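**Q** Those protein sequence lines, which keep their order, are chains A and B.
Numbered by the numbering used here, the letters in the first sequence go through residues 1 to 77 in order.
Numbered by the numbering used here, the letters in the second sequence go through residues 78 to 269 in order.
Hints were generated in silico from the structure; no laboratory data involved.
If you're wondering where the values come from, they're calculated on a predicted model, not measured in any experiment.
Ideal Cβ placement from N, Cα and C applies to all residues, glycine included.
Among the hints, erroneous ones may be present.
[As the list claims (entries may be wrong)] DEER-style ranges, computed between Cβ atoms: (1) B:R137 / A:R41: 49 to 55 Å; (2) B:S248 / A:D8: 17 to 23 Å; (3) B:G85 / A:A24: 46 to 52 Å.
[Stated by the list, open to error] Not close to chain A: a few residues of chain B, all C-beta gaps over 10 Å, as computed: (4) T81; (5) T143; (6) N147; (7) K259.
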Amino acid sequence: MTADELCDWCEEVLQPYLDRELTADERKEAEGHLADCTYCRKRYKFEDGLRRLVRSSVLEPMEPALKARLANLRLEL
Amino acid sequence: MSETSSDGARRLAEGARNRVQFEEEALALADQVYRVARGVSRSKEEAEDLMQETYARAFRSWQSYTPGTNLRAWLLRILTNLNIDRGRRAQRAPDSQPLEETDYFLYNRLDPTNQSDEERVLQRLSQDNVAEALSEVPHDFRDVVVLVDIGEFSYAEAAQILDIPIGTVMSRLHRGRRILKKELADLAVDSQ
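This is chain A alone, in the form it adopts within the complex (with noise of 0.2 Å):
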């Protein structure tokens, strides 16, 4: 994956794609374009994994001590 493959489309329309941000119509539009386009069928590949992994590193769930500490933050009645 260089830079000497560069395709425009993908610099334009692949981060909108990913973050749900394109209509319908332009959303089938750029699946059709994934198919066809090796270099962007790679970088789609490369920035949804990225995507994934920054959202795997928050997962660890909350304390249940802090969840009891914030229903303590409600004023009473």
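Keeping the supplied structure of chain A fixed, place chain B upon it in accordance with the hints.
**A** For chain B alone, coordinates are given in the frame of chain A:
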């Protein structure tokens, strides 16, 4: 009881009901809010403090929330403002850090031979690497990356939460992700 005072009692009871409902809904969102808190904080302790401050403020100002609007976004607006107020911006200026010309350096650093599958190459990074790299991204940029990538907010919602134009969300997101990749690339090289 006169009609006026029974109206008053009804209003009070209704207010109490609305408040309890608000509190229950806000607490039900705590796990999702916590993920963002953890993403914008350097440590678990910092995230826990931020959560408590956010919920204390939310419970105090519940009447400024408009029922039926996005409560998660409302809570995160409080959280991101508090985080900014707490002065956690003492990091280097974003523009002082040169970024590579292209967006491929992370992949190329992870696999100089360019032979690996794009998804598999990322498995060389740990969750700790990502948390460390995120903490190195300056706040303005990190807030946007965390809201969109971890909170799964739209650009418009992130703009509303951070009170910045949507174009700024997009440019900060772009730059924030590039800084993140640069930090990850540096960590990947360090650990080799």
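**Q** Over 10 Å to the closest beta carbon of chain A is the bar; see if T143 of chain B clears it.
**A** Given a closest Cβ separation of 19 Å, the condition holds.
**Q** Between G85 of chain B and A24 of chain A, is the Cβ distance one that fits in 46 to 52 Å?
**A** 51 Å, holds
**Q** May I ask you to test the hint 49 to 55 Å on the CB atoms belonging to R137 of chain B and R41 of chain A?
**A** 50 Å, holds
**Q** I want to verify a distance hint. Is the separation of the beta carbons of S248 of chain B and D8 of chain A within 17 to 23 Å?
**A** Roughly 19 Å apart at Cβ, these two residues keep to the hinted range, so it holds.
**Q** Does T81 of chain B sit more than 10 Å from chain A, CB to CB?
**A** 23 Å, holds
**Q** Could you let me know if the closest chain A CB is still more than 10 Å away from the CB of K259 of chain B?
**A** 13 Å, holds
**Q** Quick check for students: does the CB of N147 of chain B sit more than 10 Å from each CB in chain A?
**A** 16 Å, holds
Checked against the numbered hints listed earlier, the structure breaks none of them; every hint is satisfied.
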